[in-house]
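So the sequence lines, in the order shown, correspond to chains R and A. Quick note: the first sequence uses this note's numbering, first residue 1, plus one each step. Quick note: the second sequence uses this note's numbering, first residue 1001, plus one each step.
You may find that some hints are simply not true.
[To be verified] A few chain A residues that don't get close to chain R, going by computed Cβ distances all over 12 angstroms:
hint: 1; residue: Val1082
hint: 2; residue: Glu1168
hint: 3; residue: Trp1173
hint: 4; residue: Arg1277
[As the list claims (entries may be wrong)] Which bits of chain R does chain A cover? Going by a derived footprint, with three or more residues having C-beta under 8 angstroms, they are:
hint: 5; segment: 18 to 32
hint: 6; segment: 52 to 65
hint: 7; segment: 194 to 202
Simulated from the structure, these hints should not be mistaken for laboratory data. Computed from a prediction, not measured in an experiment: that's the story for all the values here. For glycine and all other residues, C-beta sits at the position ideal for the given N, C-alpha and C.
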Amino acid sequence: MNMVNKKSKIKTSTGSKIFDVFNTLFMLAFAFVMIYPFWNQLVISLNEGSDTVRGGLSFWPRMFTLGNYAYIFQRSNIVRGALISVLRALVGTASCILCTGLLAYVTTIQHFAGRRFMRLIYVITMYFGGGLIPTYLLYTQLGLTETFTVYWLPGLFSAYYMILLASFMSGIPDSLAESARLDGATELKIYFRVILPLCKPVIAAIAVMLAVTHWNSWFDIMLYNSSGNWDTLQVYLRKILLESEQAAKLLNDQKQYEAMRNLTTTSIRAAATMIVTIPIVCVYPFFQKYFVGGMTIGAVKG
Amino acid sequence: MKNEKKTKSKKAGLMKSFRTQKQIWLICAIALVWVIVFCYVPMLGNVIAFFDYVPGKNILDCEFIGLKHWKDFFALPDMWRVFRNTLVISGLNMTVGFVAPIIFALLLNEIHQTVFKKVIQTISYLPYFISWVVVASILMTLLGTEGNINGILQSLGLIDKPISFLNEKNMFWGILTSANIWKDLGWSAIIYISAIAGVDQELYQAGSVDGLGRFGKVWHITLPGIAPTIILLFIMNIGNILNAGFEQQLLIGTPLTKEVYENIDTYVYRYGVQIGRYSFATAIGLMKSAIGFGLVIMANKISGKVADMRLF
């Protein structure tokens, strides 16, 4: 392999070299396109709103301020929203992994008669769904609307993650569980003591995916918790987006008034966007090896 | 005789298993109740598509109207627009949005500095983990009348007045497709990158011996090597042809662009949840699922015949 690389390096033609240069430039431009929108939001969120309106703000804040963030944190609801976001991500992730993991384990117990049936009944749900309206009506009838329960209970089991976990568990030698069984361990004990610790890599991958999904979701909140008692950060951001639509109309009529004020919807929106984004940006470089692994497992088995 | 014995022992085994494997059966019971309530009941709930359902009333007391909701839908002038938007948006996603990650993966594979490659790849899937709410906020800022895109275009003298891009009907599909690609490209590329890594290295050596250049190797070795992956993912996409997404449309769509963004999913949402025509919206959603399912079966058959590849 090394030999070949060296050889081909010697043989590189000028065309190939030009391609390398352009390819590197392309990748740099690509990285810029991926990152700049976030950077732009960060700059706007740290700049005085009245100054941002003048335009031309690109790489660095002109009039530095933390006022936009201060304004957001003064809205008492936002702290509560952040707590609910975190709580939802924690409860939703933990409960799904625990329950789906148990289900996956049950489908891998060789001497259990119902394992094929359980697997089948869940796999079917991957191909046939209930649809938006029947689900909506069901949750309303079950009294799940306007509760925190609606964030985790409907996601307690997942057919897709069951398959992922089961395929990983079936790679664990049967003899481990079997010897624990001979020692008189109950199935739950075997699951928690023997199987779960061995599944750490795949669980980490699934946990990251679940936590991000919970953190990012807003549509189900809009559907089922429309009263606003259980609003998360995403929903607050969306409300600010909607506000700014109306504010933009106002802005056209009374441009001067708006410009006089230090806060504008654009800068507040930018600050809210950063508050929602920063936790993910901080976490994801550390977890990327897990979810990339999870993605490839899913691709092979799915 | 033998069979009888077998079924008998099977039955006895099941009874014994109920006794000895209490915990397992308990877990199964919970999982069964959950799956019935949260998956199978909504599936059955689709029957309201055939009734004139009134909330709070028993479904059996509601009037059975058969296919009336579909007849109504196809008589609406909205219907063609909704279908057109769905097909155009998902068509763009399935073509431009499908090819982009493949090209990106191939280009990234030609980068030889490992660290640079790794950094670029890490950056590439950052937007995937960001919610559509955030993306919508970013788009509003960048494309707004005070945004940087307008700033650049104005300073280049290409436009005199700032354009409110998100309110422009003609640009909506382009903006939406670009946003979809921006968000998903890096993530979709992961699977191609791992497929490329799986191509037999000896083939490249053989290619060098046969005098293949760098581009020849990509064309004759890498691409055929990842072709099965490409075909498989394309088949999976065909089943999704009516899923044009709805989060993005609901977030960045404005009343001015409704004519071009309203698709089946947003239509179901609007009629079902917002207006409260539950039966009508369910009927449209059910039709969408049925068509999607039919398409998956068809694509699976075709690819089984043409490329000898099947999903199931």
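Quick rundown of the hints versus the structure:
1. Val1082: holds (15 angstroms)
2. Glu1168: holds (15 angstroms)
3. Trp1173: At about 19 angstroms from chain R, tryptophan 1173(A) clears the 12 angstroms cut-off, so the statement holds.
4. Arg1277: violated (9 angstroms)
5. 18 to 32: Three-residue rule met by the segment 18 to 32 of chain R, so holds; n is 8.
6. 52 to 65: holds (count 6)
7. 194 to 202: violated (count 0)
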